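Undergrad: Residues per chain are reported as follows:
There are 2 protein chains.
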Amino acid sequence: MTDGCDGDAADGETTDGGWTDAEEEIMLATYRALLEHGYAGLSISRIADELGKSKASIYYHYDSKEDLLGAFLAYAADRFQSSVLTEADDDPRAELERVVETLLPLRPDEEMRQIQAVFLGLRGQAVTNGTFREQFTEIDDQLAATIRGIVERGIEEGTFRDVDADRVAEHVLATINGAMYGRATSDRETAVAAVRVSLSSYLDAELRRQS
Amino acid sequence: MTDGCDGDAADGETTDGGWTDAEEEIMLATYRALLEHGYAGLSISRIADELGKSKASIYYHYDSKEDLLGAFLAYAADRFQSSVLTEADDDPRAELERVVETLLPLRPDEEMRQIQAVFLGLRGQAVTNGTFREQFTEIDDQLAATIRGIVERGIEEGTFRDVDADRVAEHVLATINGAMYGRATSDRETAVAAVRVSLSSYLDAELRRQS
Numbered sequence: 001m002t003d004g005c006d007g008d009a010a011d012g013e014t015t016d017g018g019w020t021d022a023e024e025e026i027m028l029a030t031y032r033a034l035l036e037h038g039y040a041g042l043s044i045s046r047i048a049d050e051l052g053k054s055k056a057s058i059y060y061h062y063d064s065k066e067d068l069l070g071a072f073l074a075y076a077a078d079r080f081q082s083s084v085l086t087e088a089d090d091d092p093r094a095e096l097e098r099v100v101e102t103l104l105p106l107r108p109d110e111e112m113r114q115i116q117a118v119f120l121g122l123r124g125q126a127v128t129n130g131t132f133r134e135q136f137t138e139i140d141d142q143l144a145a146t147i148r149g150i151v152e153r154g155i156e157e158g159t160f161r162d163v164d165a166d167r168v169a170e171h172v173l174a175t176i177n178g179a180m181y182g183r184a185t186s187d188r189e190t191a192v193a194a195v196r197v198s199l200s201s202y203l204d205a206e207l208r209r210q211s
Numbered sequence: 001m002t003d004g005c006d007g008d009a010a011d012g013e014t015t016d017g018g019w020t021d022a023e024e025e026i027m028l029a030t031y032r033a034l035l036e037h038g039y040a041g042l043s044i045s046r047i048a049d050e051l052g053k054s055k056a057s058i059y060y061h062y063d064s065k066e067d068l069l070g071a072f073l074a075y076a077a078d079r080f081q082s083s084v085l086t087e088a089d090d091d092p093r094a095e096l097e098r099v100v101e102t103l104l105p106l107r108p109d110e111e112m113r114q115i116q117a118v119f120l121g122l123r124g125q126a127v128t129n130g131t132f133r134e135q136f137t138e139i140d141d142q143l144a145a146t147i148r149g150i151v152e153r154g155i156e157e158g159t160f161r162d163v164d165a166d167r168v169a170e171h172v173l174a175t176i177n178g179a180m181y182g183r184a185t186s187d188r189e190t191a192v193a194a195v196r197v198s199l200s201s202y203l204d205a206e207l208r209r210q211s
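The listed protein sequences correspond, in order, to chains W and S.
If you count by this note's numbering, then the first sequence holds residues 1 to 211, one letter each, in order.
If you count by this note's numbering, then the second sequence holds residues 1 to 211, one letter each, in order.
One should not assume that every hint holds.
Computed, partial: chain S to chain W, Cβ under 8 Å [claimed, not checked]: (1) Leu28; (2) Ala126; (3) Val127; (4) Ile176; (5) Gly178; (6) Thr185; (7) Ser186; (8) Ala191; (9) Val197; (10) Ser200; (11) Leu203; (12) Leu207.
Keep in mind that the hints were calculated from the coordinates and are not lab data.
Computed from a prediction, not measured in an experiment: that's the story for all the values here.
Cβ coordinates follow ideal geometry from the N, Cα and C atoms, glycine included.
Whenever a hint applies, use it, and build me the whole structure from the sequences.
TA: So, in structure tokens, the structure goes:
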């Protein structure tokens, strides 16, 4: 997925995802600046500081902070998607559990909490910002497609019942997103554990073949 | 719930919820200013404009914008909770459906969309703002308690199976919050309809007594 990259991909070496080295360095600097200052405190100056280069070297690739953040979300979506990509030789039920644990870990470490806080900050802007909205639409589309794909494979292999895979995928994604959002914006620490148990029960009840 | 009200409740007439008329006028002005300008554009000046009074008349009740918004969330939680409060003579399964429809309407009107956008804007701040975080903890606690209460009543009356009511309540709340959040921050319009169907199936499967 490189459509969201607004930089000029032809001006240098590209990495596997189609990003040039220069772009990737800017993305990593943006990530560090977001972790340090949050969305509200983010500026091109601070990204340039993290990058150890001039602001002009960023403006050469991106017209504005919004343009850069749109590209950053596309970049992050690429990396994020890779991290939940399934290994096709796994048992589909175990794969679903792994996707859930990746997106909604029972005990997130400090870095995971910070990453989710950064994304929630950006996602909040998507209420009014069309560029961000497109990126989060893409991210949720990809996550739903990943979950749906596992469910469909389980049905084809005869492990799962013949359920509506799309409906199950949307349910799982909404539940994960809601619990993640709740954890980042409230002090209801035990809620995620309850949701993880209920989500497992839901998947078992919904997908298991009648014996 | 009046604990979250930071104004001086003793300086005038109080409404049913323990808010003085003056405080309630400020809350309604804050609500109108939020709908018009969003969280990012909110200022005491703009609230004063909506109120038709001076900024000093607001600062008499609230020390700062944050103080006022903390009170606003408490006020909104009061009103919101009243809107989903259940009528005890209803069938518990129908009551659950009504709570879901109130929180996650299939076809929200423009006002509902705006209200949810305002709350998402405020909730995004709860990642870093302790006052907001407390209020959203309270709001989610109340919503979970409402759902849990209906499930417990259904169990007591023998309509529902003897499930873990807390787990079901957390699952339903997370799914609703995730779908609401997704709708406000992406263009995945059909996702909510899929979640509504799957949530009904989940509740039917989870709660129905084995025949």
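Undergrad: Which numbered hints are broken by the structure, listed smallest first?
TA: Violated hints: 1, 10, 11 and 12; rest satisfied.
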